[in-house]
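Student: Take the sequences, apply the hints, and build the full model.
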Amino acid sequence: MPRRGATGGEHQTPIDYLDPGGGKTQQGYLWTLIRPDLTTRQGRGDILYQWHPSRAATCLQSLLQTPNKTFIGILQCDGYQAYESYRKQRENVELIGCWAHVRRKFFEAKDHKPKLTAWFLRHIQNLYQIEAHLRQHRAGPAERERMRISQSLPIYRKLGKALWKIKNTRKVLPKSTLGKAIDYTLGQWPKLEACFSNGMLEIDNNLIENGIRPTKLGAKNWLFMGSEAAGQTNAIWYTLIESCRRQIDPWKYLVWIFEELPRIKVTAETFANYTPQAYAKSLEKPRFRKTA
-2 MPRRGATGGE HQTPIDYLDP GGGKTQQGYL WTLIRPDLTT RQGRGDILYQ WHPSRAATCL
58 QSLLQTPNKT FIGILQCDGY QAYESYRKQR ENVELIGCWA HVRRKFFEAK DHKPKLTAWF
118 LRHIQNLYQI EAHLRQHRAG PAERERMRIS QSLPIYRKLG KALWKIKNTR KVLPKSTLGK
178 AIDYTLGQWP KLEACFSNGM LEIDNNLIEN GIRPTKLGAK NWLFMGSEAA GQTNAIWYTL
238 IESCRRQIDP WKYLVWIFEE LPRIKVTAET FANYTPQAYA KSLEKPRFRK TA
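According to my numbering, the sequence shown is numbered sequentially starting from -2.
Note that these hints are calculated values from the structure, not bench results.
Each residue gets a CB set at the ideal place from its N, CA and C atoms; glycine is no exception.
Just to be clear, a hint being listed does not mean it is correct.
Pairwise CB distance ranges, derived in the manner of DEER restraints [unchecked claim]: (1) Ala191 - Arg167: 27 to 33 Å; (2) Asp108 - Gln244: 42 to 48 Å; (3) Thr230 - Tyr77: 24 to 30 Å; (4) Pro171 - Leu280: 18 to 24 Å; (5) Gln23 - Arg260: 36 to 42 Å.
Subject to a maximum C-alpha distance of 30 Å in a straight line, what follows is the list of computed DSSO-like cross-link-like pairs (lysine-lysine) [unchecked claim]: (6) Lys177 - Lys107; (7) Lys177 - Lys188; (8) Lys102 - Lys217; (9) Lys213 - Lys155; (10) Lys155 - Lys177; (11) Lys162 - Lys177; (12) Lys168 - Lys188; (13) Lys110 - Lys188; (14) Lys249 - Lys102; (15) Lys172 - Lys155.
Tutor: Here is the structure:
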């Protein structure tokens, strides 16, 4: 997983695991990092899962850092404080917000001041309609940036004026669901603007939400991990299989990698040569038949 000069999205999914000898389950987290790739049909590149028994900022450091490489780039995430703690310790990391989380907060508040909440949801939906148009026309980064600046940015500014007006006039109780939605959004406000001036970015973390869907489906079937060690084993398999979701046959990839492993020595410098992406590139190389 590239860490230098990268753009990525991050999320953690709570999954129970069994503590052997403890007689009960505990909650662990499957941390997930994804690299967007506009050249693929799904819009995503490699995906990395890592298992941790907590949500501490140190887990994020483990996910984004290796002994010889440190993440430098843009990280898209929600408002969880661990991300901000990580960013404060590093100059070359920029956090950007997720509009899907904002929309979810306002949707949860739809029964509190319905007309006002509907106004916010309608304008947020307008942002998503612009994104749908861009996807439908397979717009590249330059076109995405141009259209977002001309159409999405004015909506963003209009929403900002409305949010600050409500906040300053105290028309909504801070502890109400709508008040919490407004506070969350304003807390993320500068980070929510970045995507409108950079066509390489997504407006939300839905790519990673799609990436964690198989783990949630799995949890419904097996209920919990058998141990803390089993959590990391699952994370490895999810990483390999989900990174094949770029029209790569996972079975053929696994056959290829197991045939290669006995003949190679995988190191931190060479492991990138054996990822699903590397396998896909190897298939693109022309093969010449021997002539008699």
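Student: All the hints need checking, so say for each whether the structure fits it.
Tutor: Consistency of the hints with the structure:
Taking 27 to 33 Å as the suggested C-beta distance range, the pair Ala191 and Arg167 conforms, at roughly 29 Å. Between Asp108 and Gln244 the beta carbon distance is about 43 Å. The supplied range of 42 to 48 Å therefore holds. For the hinted restraint 24 to 30 Å between Thr230 and Tyr77, the CB-CB distance of approximately 26 Å keeps it satisfied. Our hint of 18 to 24 Å for Pro171 and Leu280 is violated, since their Cβ atoms are close to 56 Å apart.
Against the hinted window of 36 to 42 Å, the Cβ-Cβ separation of Gln23 and Arg260 comes to about 41 Å, which satisfies the hint. Distance hint between Lys177 and Lys107 is fulfilled; the C-alpha atoms sit about 12 Å from each other, no more than 30 Å. For the hint linking Lys177 to Lys188, the alpha-carbon distance of about 18 Å falls within 30 Å, and the restraint holds. Straight-line distance between C-alpha atoms of Lys102 and Lys217 comes to about 25 Å, which keeps the hinted pair within the 30 Å bound.
For the proposed pair Lys213 and Lys155, the alpha carbon gap of about 36 Å is over 30 Å, so the pair is violated. The hinted pair formed by Lys155 and Lys177 meets the criterion: a straight-line CA distance of about 19 Å does not exceed 30 Å. Between Lys162 and Lys177 the CA atoms are separated by roughly 15 Å; this keeps the pair inside 30 Å, and the hint holds. A hinted pair counts as satisfied when its Cα atoms are at most 30 Å apart, and Lys168 with Lys188 qualifies at roughly 25 Å.
A hinted pair counts as satisfied when its Cα atoms are at most 30 Å apart, and Lys110 with Lys188 qualifies at roughly 26 Å. Between Lys249 and Lys102 the alpha-carbon distance is near 42 Å, which puts this suggested pair outside the 30 Å criterion. Restraint check for Lys172 and Lys155: satisfied, since their Cα atoms lie roughly 24 Å apart, inside the 30 Å limit.
Of the hints listed earlier, those the structure fails to meet are numbers 4, 9 and 14, in rising order.
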